[in-house]
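> Sequence:
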Amino acid sequence: EELLKTVGLEGCGDQYPWQLSGGMQQRASLCRALIHEPKLLMLDEPFAALDSFTREELWCVMRDLWQQKKFTVILVTHDLPEAVFLADRIFVMSSRPGKILVERKVDLPRPRELDLCFTPEFTAIVHELRGHISDARS
Numbered sequence: 001e002e003l004l005k006t007v008g009l010e011g012c013g014d015q016y017p018w019q020l021s022g023g024m025q026q027r028a029s030l031c032r033a034l035i036h037e038p039k040l041l042m043l044d045e046p047f048a049a050l051d052s053f054t055r056e057e058l059w060c061v062m063r064d065l066w067q068q069k070k071f072t073v074i075l076v077t078h079d080l081p082e083a084v085f086l087a088d089r090i091f092v093m094s095s096r097p098g099k100i101l102v103e104r105k106v107d108l109p110r111p112r113e114l115d116l117c118f119t120p121e122f123t124a125i126v127h128e129l130r131g132h133i134s135d136a137r138s
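Under full-length UniProt numbering, the sequence shown has 5 at position 5, and the numbering climbs by one with no breaks.
Hints may be right or wrong, so weigh each one.
As the list claims (entries may be wrong) - With a Cα cut of at most 30 Å, we get these calculated DSBU-like pairs of lysine-lysine:
1. Lys105 / Lys69
2. Lys39 / Lys5
3. Lys5 / Lys99
Please keep in mind that the hints were generated in silico from the structure rather than gathered at the bench.
Sequences and hints are given; from them, build the entire structure.
Below, the structure is given as structure tokens:
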């Protein structure tokens, strides 16, 4: 129940997945992944199918969970703002065979609020990463 409350699903524990919205289903997935308090959480495009507002809400849920539980997260995403908002380190990889081309530390202060996404420092990191990806594709 505490974990459901943390992710914004308080009172939804008795509902079936088909009764939940996409965002609520994703929150339930986070609960399932975190119920046994793992030291490592691996996420592959966890928010890709969500609308932008729900996606940003879940960024904040992940931020808060990470601050409380201090688990390690490996996040695979093609969403550069998502990577910059959530990560301390970002790796740009090549296509097959996958090789690490660039490692970029994200030295933005924590805790990160969504307003950070509109700052020059944030957008500079996003543009830098976009440049590395563009170089890797050419």
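> Take the C-alpha atoms of Lys105 and Lys69, compute the straight-line distance between them, and say whether it is at most 30 Å.
holds (22 Å)
> Take the C-alpha atoms of Lys39 and Lys5, compute the straight-line distance between them, and say whether it is at most 30 Å.
This hinted pair holds, its Cα atoms lying about 21 Å apart.
> Keeping to a limit of 30 Å between CA atoms, is the pair of Lys5 and Lys99 held or broken?
violated (39 Å)
Hint compliance for this structure: hint 3 alone is broken.
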